[in-house]
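Here the protein sequences line up with chains G and X, keeping their order.
Residue numbers for the first sequence follow the working numbering, beginning at 6 and rising by one.
Residue numbers for the second sequence follow the working numbering, beginning at 453 and rising by one.
Simulated from the structure, these hints should not be mistaken for lab results.
Any given hint could be a false lead.
Unchecked claim - DMTMM-like mimics (lysine to aspartate or glutamate), calculated; alpha carbons at most 20 angstroms apart, straight line:
1) G:LYS47 x X:GLU496
2) G:LYS106 x X:GLU520
3) G:LYS47 x X:ASP470
4) G:LYS106 x X:GLU496
5) G:LYS7 x X:GLU496
Just so you know, these numbers come straight off a predicted model, no measurement behind them.
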Amino acid sequence: QKEVEQDPGPLSVPEGAIVSLNCTYSNSAFQYFMWYRQYSRKGPELLMYTYSSGNKEDGRFTAQVDKSSKYISLFIRDSQPSDSATYLCAMRGMRGGSNYKLTFGKGTLLTVNP
Amino acid sequence: GAGVSQSPSNKVTEKGKDVELRCDPISGHTALYWYRQSLGQGLEFLIYFQGNSAPDKSGLPSDRFSAERTGGSVSTLTIQRTQQEDSAVYLCASSLAGPGAGHNEQFFGPGTRLTVL
Chain G
6 QKEVEQDPGP LSVPEGAIVS LNCTYSNSAF QYFMWYRQYS RKGPELLMYT YSSGNKEDGR
66 FTAQVDKSSK YISLFIRDSQ PSDSATYLCA MRGMRGGSNY KLTFGKGTLL TVNP
Chain X
453 GAGVSQSPSN KVTEKGKDVE LRCDPISGHT ALYWYRQSLG QGLEFLIYFQ GNSAPDKSGL
513 PSDRFSAERT GGSVSTLTIQ RTQQEDSAVY LCASSLAGPG AGHNEQFFGP GTRLTVL
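Take the sequences, apply the hints, and build the full model.
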């Protein structure tokens, strides 16, 4: 079992839909949880990060972390064609070798159709 | 300001040849990371530099892989005697500070797409 599991999709939705992306993980040492967006042939760019459990909102994006279930989510409201990309979850711990090494999910390919 | 840059953007090589991949981090960033993104595998950590030192090389797949960083800036990832399974996108990232600095965003470059024939 990989440390971080993420459904690779692909996921196709109409413009304006609410998108839900999620990851599960097994390492209880993870404390920082991130979502990256990667456009084709580009490097990943950080969308949001959350420390420990809880919710965080930024515009149309909401990140949720449930450490008790080892489950994280990213919600995109009013999705736009420009949101079409691969979304990667990533996480890291706070001590030792895990406090800089990001562990990624495989990424979910999202297409928002106009 | 300028982001992380990598060169070349694409590299096609023959099996058995050596390749060098270059990363220019964001100016002033002390930490530098290499990751590999293979089809269907996601991003995998390769090596981490703090300044010119590499305290963690645990992700390097074999002794054919090596990396160095000079002047606390540019880094080179070298793959010797390339194999077809080395084909992947090699991504470099940098961050302002090292571990223990709370959230420490890693900024990624566009990657080098390596194809080994």
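Checklist entry - For this structure, which hints from the list above don't hold up? => result Violated: hint 3 alone.
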